[in-house]
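Hey, can you work out the whole structure from these sequences and the hints?
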Amino acid sequence: MKRLAIFTLLLASAAGGQTVAPAALADTQLANPAQEASAKALMETLRCVVCQGQSIADSDATMAGDMRALVRQRIRAGETPGAVKAWLIERYGTYITYDPPLDAVTWPLWAAPVVLIAIGGWIARGSFRRRR
Amino acid sequence: MRRHLLWLPLAGFLALLAIVAGGLWRPVDPTVRSALIGQHLPDFTLPPLVPGKPGLSSATMRGQGPRLLNIFASWCVPCIVEAPQLMRLRAAGIPIDAIAIRDTTPAVQSFLRRLGDPYARIGDDRASAVQLSLGSSGVPETFLIDGDGRVVRQYVGDIRPDQVAVIVAEVKALR
Amino acid sequence: MLAEAGLAALWLAAALAVLQLLLAALALRRSEEALAAVRPVAIVQGALVIAAMAMLVAVFWRSDMSVALVAANSHSAKPWLYKVAGAWGNHEGSMLLWVMILGLAGGAVAWLERRLDERTLVATLGAQALIALGFYAFLLFASNPFARLDPAPPDGAGLNPLLQDPGLAFHPPTLYAGYVGLSVAFSFAVGALVTRDVGRDFARAMRPWVLGAWIFLTLGITAGSYWAYYELGWGGWWFWDPVENASLMPWLAATALLHSVTVLATRDGLRAWTVMLAVVAFSMSMLGTFLVRSGILTSVHAFAVDPRRGAFILVLLALYIGGALALFAARVGTVRQGTMFDPVSREGGLVANNLLLSVILGIVLIGTLYPLVAAGFGVQLSVGPPFFNKAAGPVALALVVVMAAGPLLRWRRDAVQAVVVRATWPIAIAAFAFAGLVVFAMPIGVLPLLGLTLAAGLAMASVAPLWGRNLRRTPLFIWGMVVAHLGIAVSLAGMACDAAFTTERLIALRPGEATRVGPFRVTLDGLSPRVADNWSAVQARLTVERDGTKRVLFPQSRTFTDPPTTTSESAIATLADGQLYTVLGAADGQGRWQLRLWWKPFVTLIWLGGMLVALGGALSLIGRLRPRRRTAEAWA
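Chains as they are written, first to last, in the working numbering: chain F, 1 to 132; chain H, 1 to 175; chain W, 1 to 636.
Among the hints, erroneous ones may be present.
[Said to hold, decoys possible] Quick look at which bits of chain F chain W covers, simulated, 3 or more residues with Cβ under 8 Å:
#, region
1, 23-33
2, 40-54
3, 91-99
4, 104-113
5, 116-122
Rather than coming from a laboratory, the hints here were simulated on the basis of the structure. These numbers come from a predicted model, not from an experiment. Just so it is clear, CB atoms sit at the ideal spot from N, CA and C, and this is done for glycine as well.
Structure follows, in structure tokens:
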């Protein structure tokens with residue numbers, strides 16, 4: 001009897017804090033596998049705005065689900081991932097993407113690997129014996 | 001020359017220290033704000049949610065003078081806390097439109113009955129699609145829209161009593 | 001009573017650290033009595049701080065709610081394992097664990113180290129005491145784990161459900177043993193700089209300590225990755241999260257260090273590199289500790305956010321790292337240059353190894369801190385997997401090539417043509433793998449394709465040093481190198497397979513309905529309730545079937561009461577060729593339940609590889625510690 005009571009309670013609470021079910025396409029895959037793959041790839045680069053550092057592909061938050069639904073809807077309607085990303089950046093700023101666009105503020109970040117390799121190469125030259 | 005190279009790691013570390021100390025000194029504001037400030041409202045249309053209250057669209061928000069756009073939900077606790085402030089703003093003559101996020105008619109009706117109804121219009125945003133199109137990241141949030149439909153300011157979180165006078169002044173300045 | 005005893009032990013340990021430092025200073029000024037006293041003091045200090053940790057575990061075990069930390073983080077209904085492990089599942093407790101490893105490592109060096117020159121050893125112990133002092137001060141003045149709460153509440157707030165897992169018992173202690181264990185390398189380096197004793201003996205003495213810490217760190221990171229993988233419910237095993245990066249950076253430096261220290265021990269080369277890397281490795285550990293506890297970066301893993309504590313640690317960092325780097329710059333120039341070598345040589349390969357590892361470390365560091373820099377310009381940025389994979393991925397692949405070629409190179413000088421001849425089989429296997437993948441497995445991404453190709457080549461190249469050898473007479477440290485490099489190849493293959501071949505199915509099913517994921521047919525048989533000490537759950541019964549073989553899996557959606565949270569407990573079927581990962585989500589109100597299903601071929605290779613790497617390290621360590629029968633070092 002206790003088990004039944006717990007079970008019913010869990011089923012009731014499983015409906016979640018909101019009074020409405022999660023958006024369609026939040027947790028449903030697109031019928032076209034190529035579209036789903038490109039949507040999935042994009043979702044893994046978008047940041048969940050209500051989480052402590054997760055992508056929307058990795059989050060249980062309802063808002064993350066809504067964003068996944070939005071991404072899938074737009075990809076299904078034929079938009080390119082780049083366009084969807086640009087649309088979101090227009091609204092949330094560069095915070096929303098884990099892939100920082102190359103601009104005046106981020107160029108040192110993207111240049112860093114090259115600069116570091118160059119410094120490394122220069123240091124290495126000092127370690128080697130001079131050829132006759 | 002090689003001697004000077006040896007001081008490079010220390011120099012690099014001091015630069016790192018400066019960056020990190022800066023991060024401690026001025027803590028990064030974790031609030032995610034909309035990037036639409038200063039731009040026009042994106043086009044949208046939302047059906048009505050409550051009988052007797054019209055739905056909301058970007059067209060109705062243009063050319064009607066400055067107004068507030070309140071993003072709320074009946075299941076959101078801080079929205080209950082800010083309800084009195086919204087009533088005060090309404091009483092001060094500021095029109096307020098609302099977008100209800102992931103909500104149902106009976107829940108919103110009950111909410112308005114209990115806490116008062118300051119809204120001219122309420123739009124039904126079940127999948128929070130319009131919320132995303134505004135760059136909003138949670139409830140409650142309030143946007144100040146000017147007469148041309150431009151987003152002037154965003155208030156993240158519930159409106160506190162001490163903010164009411166400030167908002168009234170800002171709206172007056174836009175008229 | 002226990003809490004006060006623990007606090008007293010901590011104060012005593014701190015006092016002994018002061019004493020140890022003073023004695024070390026006196027001993028360096030030629031005081032004979034001081035010289036003899038340093039070791040015992042270090043050992044007793046270590047014992048005291050272990051006692052303090054034991055007291056903390058004891059108060060958690062007894063659920064003593066009058067201790068503030070226990071009241072905030074524990075609950076009497078928890079299973080005993082999580083009561084004990086919960087002692088370090090919070091900021092103060094884990095900081096005490098940190099300091100305990102510091103004291104334990106210092107005491108171990110004092111007790112066991114016999115190969116090092118006595119003056120250098122004393123300088124080392126002095127450095128260790130100096131570091132310990134700062135962190136004792138931090139604990140005692142800013143993060144007291146033994147603070148009392150009056151009046152004591154009837155019960156506690158409970159432990160975060162995500163932490164109520166065997167992983168908590170294993171991951172932090174191993175991880176800390178690793179990266180706080182690197183403090184020994186740091187102290188050795190500082191000690192050797194003080195006494196100007198950077199040479200072969202110094203390297204031989206330091207090597208086992210570096211290996212030991214590195215093995216623990218490898219295990220700790222591998223365990224953490226697997227724990228996140230099965231606990232968080234999305235099948236991800238690395239997110240380039242700031243806290244994850246904080247554990248990776250010391251590992252990168254330590255890997256470079258353990259290669260350098262061997263060159264210094266056997267060939268008397270790479271002196272400056274070795275000392276530099278020893279300083280950098282523990283500096284990264286301390287920096288990581290700061291990043292995780294100061295709140296300047298957001299992370300799922302971060303501890304309590306407190307900028308004041310952050311400022312305290314930052315001052316310690318400035319003093320210790322700044323001091324060590326200044327000492328390095330001032331003294332290393334006067335250390336005699338080691339033997340020189342050609343670019344194409346084993347030493348050259350090891351220099352390339354150090355450089356590439358340092359470049360990856362630099363990329364991870366810059367990427368992790370860049371959001372702070374951008375915030376200084378008023379821009380809110382996020383830097384995540386897309387950046388790190390694109391920036392560090394190619395460098396890591398270049399490193400794999402160096403790793404494959406390195407053991408095939410001769411010391412001092414070698415010819416490129418000769419190396420290529422020796423590398424015939426690895427190159428052939430890699431080409432074969434590449435062709436096979438292109439023909440049978442496309443489309444897969446560029447990085448996974450390269451990853452699998454290079455993994456195949458590396459696997460072949462790592463066993464190459466064993467050819468033509470009498471396997472029973474091969475020194476254990478050669479086996480260690482072979483197994484460790486093979487482990488990297490295995491892990492890389494696992495990562496590439498996960499990126500390339502994972503299939504996903506997200507679907508809402510009614511009991512009785514079925515779906516397909518990869519080669520499996522998955523049926524939702526039904527749901528039932530489950531209850532335990534401090535949680536209740538809805539459990540699904542899934543029948544998964546492939547080629548006639550059936551298995552049953554039970555994923556759960558679990559609700560905890562203290563604190564109130566819902567987590568999903570994934571159910572994973574581990575098979576010979578991969579894992580089937582299943583997660584139960586929420587009901588949609590119409591009788592359907594959300595299921596997330598993944599078929600991940602060969603994903604377990606990732607962590608199996610990690611364990612092989614640690615095993616290789618252990619073999620090397622044993623090989624170096626056992627007395628050697630031969631007097632000449634034959635290592636070619």
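Subject >> Violated constraints from the hint list, given by number and in increasing order >> reply: Nothing - there is no hint that the structure violates, so all of them hold.
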